[in-house]
Structure formats: C-alpha cells, structure tokens
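Chains as they are written, first to last, in the numbering used here: chain V, 105 to 398; chain C, 357 to 634.
For the record, the hints were derived by calculation from the structure and aren't laboratory data. Among the clues, some could well be false.
Unchecked claim - Here are the simulated SDA-like pairs of lysine to any residue, each with C-alpha atoms no more than 25 Å apart in a straight line:
1. V:LYS219 - C:GLY380
2. C:LYS515 - V:ASN160
3. V:LYS150 - C:GLU472
4. C:LYS407 - V:PRO392
5. C:LYS407 - V:ASP393
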Amino acid sequence: MSQGEAAVSIRHSSGGVSPLALLREGVTDILSRRRLVRYLVSAEMKKRGSDTFLGNLWWILDPLLQMIVYVVFISIIARRPAEDYPLFIFAAILPWKWFSAVINDATTAVVRHDKLIRQIAFPKLVLPMATTNAGVVGFAWGLVPLGLLLLAYPHRISLLLLWIPVIAVVQYVFTLAAAILVAAANVFFRDLGNAVGHSLRLWWFLSPGLYSLAALQDLSVIQQNPIIGTIAGLNPFAVLFEAYRAVIYGTPDGGLPVHPDLVSLAILLAGSIAFLGLCIVFFKRVEPDFAKVL
Amino acid sequence: MSKAARTVPAMRKADYAIAVNDLGVQYNLRFNRKTTLRQSFANIVGRQPPKRFWALRHVTLELKHGESLAVIGPNGAGKSTLVQVLAGIMRPSEGSMEVRGQVSGLLGLGAGFDVELSGVENILLGGAFLGLDGLRTAELLPSIVEFADLGEFIDAPLKTYSSGMRARLGFAIATAVDPDILLLDEVLATGDANFRAKSKARVIELVRSAKAVVLVTHDMDWVREYCNRALLLEKGQVILEGPPDEVTALHLERQAAETARRQEAARAAGLDPVLRPK
Numbered sequence: 105m106s107q108g109e110a111a112v113s114i115r116h117s118s119g120g121v122s123p124l125a126l127l128r129e130g131v132t133d134i135l136s137r138r139r140l141v142r143y144l145v146s147a148e149m150k151k152r153g154s155d156t157f158l159g160n161l162w163w164i165l166d167p168l169l170q171m172i173v174y175v176v177f178i179s180i181i182a183r184r185p186a187e188d189y190p191l192f193i194f195a196a197i198l199p200w201k202w203f204s205a206v207i208n209d210a211t212t213a214v215v216r217h218d219k220l221i222r223q224i225a226f227p228k229l230v231l232p233m234a235t236t237n238a239g240v241v242g243f244a245w246g247l248v249p250l251g252l253l254l255l256a257y258p259h260r261i262s263l264l265l266l267w268i269p270v271i272a273v274v275q276y277v278f279t280l281a282a283a284i285l286v287a288a289a290n291v292f293f294r295d296l297g298n299a300v301g302h303s304l305r306l307w308w309f310l311s312p313g314l315y316s317l318a319a320l321q322d323l324s325v326i327q328q329n330p331i332i333g334t335i336a337g338l339n340p341f342a343v344l345f346e347a348y349r350a351v352i353y354g355t356p357d358g359g360l361p362v363h364p365d366l367v368s369l370a371i372l373l374a375g376s377i378a379f380l381g382l383c384i385v386f387f388k389r390v391e392p393d394f395a396k397v398l
Numbered sequence: 357m358s359k360a361a362r363t364v365p366a367m368r369k370a371d372y373a374i375a376v377n378d379l380g381v382q383y384n385l386r387f388n389r390k391t392t393l394r395q396s397f398a399n400i401v402g403r404q405p406p407k408r409f410w411a412l413r414h415v416t417l418e419l420k421h422g423e424s425l426a427v428i429g430p431n432g433a434g435k436s437t438l439v440q441v442l443a444g445i446m447r448p449s450e451g452s453m454e455v456r457g458q459v460s461g462l463l464g465l466g467a468g469f470d471v472e473l474s475g476v477e478n479i480l481l482g483g484a485f486l487g488l489d490g491l492r493t494a495e496l497l498p499s500i501v502e503f504a505d506l507g508e509f510i511d512a513p514l515k516t517y518s519s520g521m522r523a524r525l526g527f528a529i530a531t532a533v534d535p536d537i538l539l540l541d542e543v544l545a546t547g548d549a550n551f552r553a554k555s556k557a558r559v560i561e562l563v564r565s566a567k568a569v570v571l572v573t574h575d576m577d578w579v580r581e582y583c584n585r586a587l588l589l590e591k592g593q594v595i596l597e598g599p600p601d602e603v604t605a606l607h608l609e610r611q612a613a614e615t616a617r618r619q620e621a622a623r624a625a626g627l628d629p630v631l632r633p634k
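Please construct the entire structure, taking both the sequences and the accompanying hints into account.
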C-alpha cells in the first residue's frame, strides 16, 4: 500500500485557475512523466523504422534526395546559384525537415490518441512533447548525410560546426511551443491539418532557405518597402537558417564559415521561451475539454 | 486503507473513498469531433447561440472503502460520463468530487495503448501512462502476463489480437496495479466464458480486500450478486440509490413501462409490430 498514501485528489468545477498556476502544472506534468515521453518516442521510432523496406536508411536518404530536387530545380531557374549550392541549401533543409515533420505530426498528436484519452487520466502535454522529441532523433540522424556532404567540401569543415547543437536548442524551444499549440487547436478544429500543411509550405518558401536573407533584402519590392524587409528578418526561421548556414556553409557571398549572430539567436530564444509559456497555458486551459470533444 | 485515512486529518468522514457533491457535467455541442474552421466561422457570423446540454446533473454520492457500487440505467443516461469524471478524465462543470486513494480504471472496450507494439511493450507503456515507476512496472510484469494468459501472443503486435484478447490484456493491466479504487465500464461482458469467470473472481477479490469498486453494467444478475449498492441514472439524473435488489427492480420496471409506452405509440401510428402482415 505504498502508492495510496498521499493520493487524495480533489476536483472542482473548472474556472478561476490563474495562468501562472496552469503554467506550473504544465511544467510539472512534463517533468513528472519523462519516462512516458521516452517510451512514446521509442515506440514512434520503432514504428517509423520498421514500416518500410529500407527502414532507418530513409532518415539519411530523405534530406539528401530533397536537396537534389531543389538543386536541379534552382539550377534551371536561377542558372547561377551560389557557390557550393548543395551545402548552402542543405544547411536549411535539415532544420526545416525537423520542424515541418514535427508540426505535421503534432496536429494529430492528441486527436489520434482519442481512445486512450477517454480511458485513462494522464497529462496530455506528453503527446506533443513526444512528437517534438522524436523529431530531435530524426534531426540527429540527418547529421549523418550532412557529414557525408561536408566530405565533398572539405575546406568548409571547421570547429564552428560545434555551434549546431546550440542553434538546435533554440529551434527546439520554438518547435515545442508550436507543436503544443497545433496539437490542442486541432482537437477543436479538425480541418486545421490542411491549413497547417499549406502554411508550412508557404513559410518554407518565404524563409531564406533556398536563398540568403541578404538576397531577399536586395529585391526591389523590399528596397521600396523596408517594412517588409524588417518583417522578413523577424521570421524565426530567418534567424535560424542564417545561423545554421553561417556555421555549416559560411557567408552568403560564398565565404568560409563564421560565428552565428548570437544577439538575434538570444532574442529568438527569449521570445520562444515566452511563446512556449503561452502555449502551455493555452493547452492546460483547454485540456479538460479534450475528453468531451474527442 | 486505514493508513491512508489516518494520514489525512479528519476533514470529513474518515472512511470514504469517493465523495461526490452536486456534480454536473455539461457538454458544449459547438465543438465536437466534426467541427471545422469553416463551421466555426459560420457560427460566429451567424451568431448562433452555443448549444449545451447536461450529461450529468445534481449527482451526490459517497462511497466507502470496501463498497461496490453498480451504476445502471438506459443508454445515454450518463453512466460512462460519471465514471470518466471519477477517473479524472473529465473535469466537472459544477459541483465537486474527492477521491481518496489510487484510482485505476478500465473504461470502454478494447483497452490497449499502441496497436503496433507487442503485448509486453504495451504493458510497459501502460504502466508509464498509469504513472507507475519503472521498477514497479517490471515487478508487476510477470503477474500481468500470467493473468492475461495470451500465450505466445504476448510478444506479437497488438494489431494481431482479437477484441477479446485486447480486453483481457487491458483488464490484466488495470487490475494488476492493486488500486484502491477500481472503475469498470462494461468490461465484464467481454472475453470467453473462462476469462469472464476469472475476471469476476478478480473483481470479487478486489472488493473483498477492502477496495472500492464502481462498475457500469447491464448485467442485473451481476449487480444483485456482487454489488452492495446500486445507482440508477436516467438522462443525467439520479433516480434512485440504494440496495441492489430495490434499484434493479425499479430499473426493470421503468424499462418495461418504457417499452410498453413505445409499443403503444407505435400502435397508435398504425405500425403495430404484432399485427404487421408478414
């Protein structure tokens, strides 16, 4: 009878819970169920790896193939892409694949566990959390093809590559917040998946992934309306892509790798932490209604 | 149990396991599993008032350790909602509820956690969902495997299981954690005769060892034989709460009256099921 001692749970009707209390509750949810998150991640990995003929090999092939598609496509349209262009865009494809895969999965993270949610009481925050962490594993696998690609451009290999985990931490916080938001919202609006898919595609092409932020600022539209340029610079993925590219590829004009812009990364990190807090509060506020709607 | 009661200062009566006070659960029909963004915009533009209904209202009950309560009533009476609130799956819209002790529930049929994973992996995952630590889950694993009695299937993915086998695994997981309060929602009717006998024996054992049980069922024999209290719900309201014999009798009586009324209405509409030509 060791478990029953302090287990007195009291539930009152909803309402009147302060955002701060919800935030604290949400953080406790995640910290107390780390093992559950770990199990969910390994279950997810197992499924993804065992489903297909080539299994885990796809995690390596997938970003490479996507890179080849863009290289062919851009070479035809732009004729003179940047120097060492495959590496230039691979530095953006890798983090973007992580983000877009997580957000796509996260839209159904809560909804696809509807049966479970009606059967057991557990903190639902672990679901988008597990999706995001599974994305980290995929990203880590993506570093293998990055290493292979770098072997083709040995002069760009430097100790600056050690910045990648630091930039990834900033991206992780932002991704987790967005995953929590779409996972909760999709419970109430089931067609959110469509909107998310198209928004992601638009977001990718508007972010400086296939081109540099400097190239974007050179466009005549932005020269005439500097406000658009400012907005483009505020895009979290403008900051992230520029940072990844600085340490993996180098400067936009083809120069060797440099330190990332730490000020904009720090601002993005602070903003992402605040965003994460808001998303957790939102999730916790609507969580009690999940079982009723599902 | 007495230990649990002693550590908590006598806030109320010391020996209750569940105390529910004027509980109500309201559903907002604006959001359901088919709500889309388009509809929501239409609702906002069209100023449609939100539709709501009470699945449960003014439910008050207290259950002591060692008691076994049957919840009966017609379909849609709010039985499952009540159990879901007790399990902590839903938050009440009004009133309050206190549960003392560890709750474990087997709600709905076909309990399972991930159909792609094997039986053993499901047990481990289930333990994590129920909030057990890794050590305790590893301790319980052999007894769960033995009780579920699935043979070699225990290492096969859950998607290869029949619904009866899934229910067996779910029942084994839910009851193995040695809960203080066990919630069962129409699970006793599943599995073959052999497993039904086994699960009945397990529930009786749990009731005997001073655990509180709340059970939703349509099996009136079960209610009379194994429960010491019963609660009749209709349309979210408590009709009667008391000894099983009395409550089941009233339920059957009201059901018969309802059937008669329906037949009468059908006859009036010229749809007499008895006189209809073949």
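Structure-based check of each hint:
1. V:LYS219 - C:GLY380: holds (23 Å)
2. C:LYS515 - V:ASN160: holds (22 Å)
3. V:LYS150 - C:GLU472: holds (9 Å)
4. C:LYS407 - V:PRO392: holds (18 Å)
5. C:LYS407 - V:ASP393: Measuring from Cα to Cα gives roughly 15 Å; hence the hint holds.
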